[in-house]
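Engineer: As a plain string of letters, each chain reads:
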Amino acid sequence: MSKIQDKFKELKSKNEKALISYIMTGFPNENATLSIVRGLVKGGADILELGFPFSDPIADGPVIQNASTVSLNKGAKIEKFFKIVKKIRKETDIPLVLMTYTNVLYTHGYSAFMLKAKSAGIDGLILPDMSIEESKEYLKSAKKNNLDTIFLVSPNTKNDRLKKIAKASTGFLYLVAVFGTTGVQTKIHKYTIDAIKNAKKVVNRKLPLGIGFGVSTPVDVKKYVSAGVDAVIVGSANLKIIENTSSSKLQNKITEYTKKLKRSTRI
Amino acid sequence: MKIGMPKDGRFGDFGGKYIPETLVPAIEELEENYQKIKSDKSFQNELDYYLKNYAGRPTPLYFAKNLTNFAGGAKIYLKREDLLHGGAHKINNTLGQALLAKKMKKKRIIAETGAGQHGVATAMACSCLGLPSEVYMGYKDTVRQQQNVFRMDLLGCKVYPVKSGSQTLKDAINEAIRDWITNVDTTYYLLGSAVGPHPYPVMVRDFQSIIGKEIKKQMKNVPDTVIACVGGGSNAIGTFYPMIDDGVEMIGVEAAGKGLKTGKHSATLNAGKKGVLHGMMTYLLQDNDGQIKETHSISAGLDYPGVGPEHAFLKDVGKVEYKSATDSEVIDAFLTLTRTEGIIPALESAHAISHAIKIAKTKPKSDSIVVTLSGRGDKDIDIVKQYLRKNVKNSR
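The listed protein sequences derive, respectively, from chains L and U.
When you line the first sequence up against the working numbering, it's residues 1 to 267, in that order.
When you line the second sequence up against the working numbering, it's residues 268 to 663, in that order.
If you're looking for bench data, these hints aren't it; they were derived computationally from the structure.
Beta carbons: idealized from backbone N, C-alpha and C, even for Gly.
Please note: incorrect hints may appear among the correct ones.
As the list claims (entries may be wrong) - If you anchor each label on the Cβ, the simulated ranges turn out as follows:
id, chain 1, residue 1, chain 2, residue 2, range
1, U, T529, L, R263, 51 to 61 Å
2, U, E516, L, R89, 54 to 64 Å
3, U, Q311, L, K240, 48 to 58 Å
4, L, N146, U, K430, 40 to 50 Å
Stated by the list, open to error - Listed next, the in silico EDC-like pairs over lysine to aspartate or glutamate satisfying Cα-Cα at most 16 Å (straight line):
id, chain 1, residue 1, chain 2, residue 2
5, L, K77, U, D554
6, L, K158, U, E295
7, L, K136, U, D275
8, L, K158, U, D452
9, L, K80, U, D556
10, L, K116, U, D556
11, L, K136, U, D280
12, L, K74, U, D556
13, L, K206, L, D6
14, L, K77, U, D556
15, U, K541, U, D280
16, L, K158, U, E296
17, U, K274, L, E133
Working from the sequences, and respecting the hints, build out all of it.
Structural biologist: This is the structure:
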C-alpha cells in the first residue's frame, strides 16, 4: 500500500475526507516554500500537491501561470525541487504528490526521473497533459518505482473511458470540476455534482475520487463532500493568499485558512 | 509504417495526443467528422468551389528566369501561393477547416496566429462562411505585425493579444487551447499549422497538399528538388507529401535567426531535442529541464520552438533534409527576389528562396528546383525597413 492509499484508509476510519493542498514550489521564492508547507501541515492538510513549474502550462489559469513564471524566473530546477522535497520529507510523513507537465518527466527519461522523485520522497504524480493513450511507458516506470499515477477525468468523459482511466489510476482519481483551466470559481455547477455521482458509480468505490479546479472555500468543500467526493483539492486559492500576504504573516494565514477548509471535510 | 499514414495518431515516435482530458471528446468528434468529409464528394466539391472561386486556385507555377540567371545553375520555379486571397497558403487550410466546423454545427471559431497570416485567413474564411471568429496572437507579434491585426479587425474578427510567456506564437497556441478547454462544447479550434494533437497534423497536411499536387500537374512530372520554409511546417508538408515517394530531393528551411550558435533562432529540427508540447511529441527547443526556450526569428511566422510531428519523422527517416537560413541571409534573399523578379516575398518564404539561391549554382542547368513561395511580403515591409536602417546594407 502506498502512503496515499494508507492516508485514505486512515481518513475513512475517522469519517473524514481528504484535504489536498496544492502549492507551486519556488513561489514566491524557494525559502517561502518550506514555511508554507509547515503552515499547510499545521492547518491539517492530508496530502500535499507540489507543483513544479513548466514554461507552457496549458491546463492552468492565470494564478498558477503567474506562479509558474515567478518560480522559473527565480531559477526553479528539478534538482533543486528534489532537494526541497527531501527537506519536507525530513519534517513530515504527509503524502506528497508532484504535479507538473509531461515534458518535464520525458526530458529526463520517465524511469530516471521517477527514481529520483521516489527517493526524494514523492509518492504520486499528476500530469494534466498525459492521456491514457500515451501513458504506456509512463505507467511502466511508475509501477517499477512504486509511484501512484493520478489521472484526471472531466465531466464530459464518457463512462467506458472513465473506467479505462480509473484502471490506470492509483492513489486516487482526479475529477476536474469545471470546463476550464485551474482557478478560483464563483459557483458550483449542477453538471459537476452529476459528474461526481456518476464517477462514484462507475469507479465503484475501488478508487478514491478527488475534485479540483476552482475549489476555494469551506462552503465549496462542504458541498462537494456531501455530493460524495473522497478528497478536495485546493490550489489557486492558496496561491492567491500567498500572493497577497506579507512573508511574516504567511505561515499563520495559511494555517488558519487550511484549518477552515479541513473542518469542512469532517462529515 | 507507410510514410504519411499515422498509426494511432503517430508518425513513428512523433505526434500522438498529449491533451487535457476535457479535450478528448472534442478531439474524437473532430477525428470522426474529418474521416467522414475526407471521402465525402459533396464536401470536397464545395471546398474545391471555394478554393477556385474565392481563394484563387490553382496558383501559377512561375519560372523565375531572372532569379535563375542570378543564381546561375538549376532552373528555379516559384509556386505562387503568395497570389492566393489573403496573401498566403493559409487559406487552403482555413477554408477546409471552417467548412468542416460548419458541418459540425460549431457556433464559434477560435484560432492562434503568429505573423497574422493564419489569423487573417481564418477571419476571411469565417466571414465568407458566416461564422464568428476570434484569434489569439502574441503581444509581441501584434506589435510587429500591426497591419494584419487591423486587417482582422476590419474583417470583424476579435483579436486577443497574449501577454504571457514569450508573447509569440507558442503562447498564442497555449491561450487558444485554454479557451478551447473552457468552451469545448460550442467552439471549434482552427489550428493553422501542421502541429498539435492528432488529427490536426494530418488534417492540415491534407488540406495543404493541394500545393504539391498542383506542382506535380504543372511540372508534367516531378521536379528534381522542392524547397519550402518550415516553422510549424504546413506549407512544407503540403508541398512534400504528394511527392513523398517520387524520389524528389526535399528540403525544408528553418529560421536560423541570428545564427544557430547564438541560441537566438527557431531551428527546431536542426538544434532541438525530442519532447512534448501542444499535444504532440516532436522536436523542441528546450533546456535540460524540459522548459521550452524562447525563440527568435525575423519572421513571426517561423518563430516557434516546435515543429509538426511529421517533419520530425521525415527528418529521422532521412526522407527530407532540413537546413536553415539566418535573418541576414533572409533579408538578402528578400531583396534579391524583389529586385530580380518584382516579387516581394514574405520573410518566411524568403528562407526557402535563400536556400534555393545557395544550392542552384551547385546543380546543372537541366535540373529544376521548385520553391514554395508561401506568402507575399507586404506585411513585412516595415520589418525590412527597420532591419536595413539598423544594418546598413549596400543595395546590389
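Engineer: None of the hints should be skipped; say for each whether it holds.
Structural biologist: Here is what the structure says about each hint:
| no. | hint | verdict |
| --- | --- | --- |
| 1 | T529/U x R263/L: 51 to 61 Å | 57 Å, holds |
| 2 | E516/U x R89/L: 54 to 64 Å | 57 Å, holds |
| 3 | Q311/U x K240/L: 48 to 58 Å | 52 Å, holds |
| 4 | N146/L x K430/U: 40 to 50 Å | 42 Å, holds |
| 5 | K77/L x D554/U | 10 Å, holds |
| 6 | K158/L x E295/U | 11 Å, holds |
| 7 | K136/L x D275/U | 13 Å, holds |
| 8 | K158/L x D452/U | 14 Å, holds |
| 9 | K80/L x D556/U | 11 Å, holds |
| 10 | K116/L x D556/U | 14 Å, holds |
| 11 | K136/L x D280/U | 13 Å, holds |
| 12 | K74/L x D556/U | 14 Å, holds |
| 13 | K206/L x D6/L | 14 Å, holds |
| 14 | K77/L x D556/U | 7 Å, holds |
| 15 | K541/U x D280/U | 9 Å, holds |
| 16 | K158/L x E296/U | 13 Å, holds |
| 17 | K274/U x E133/L | 12 Å, holds |
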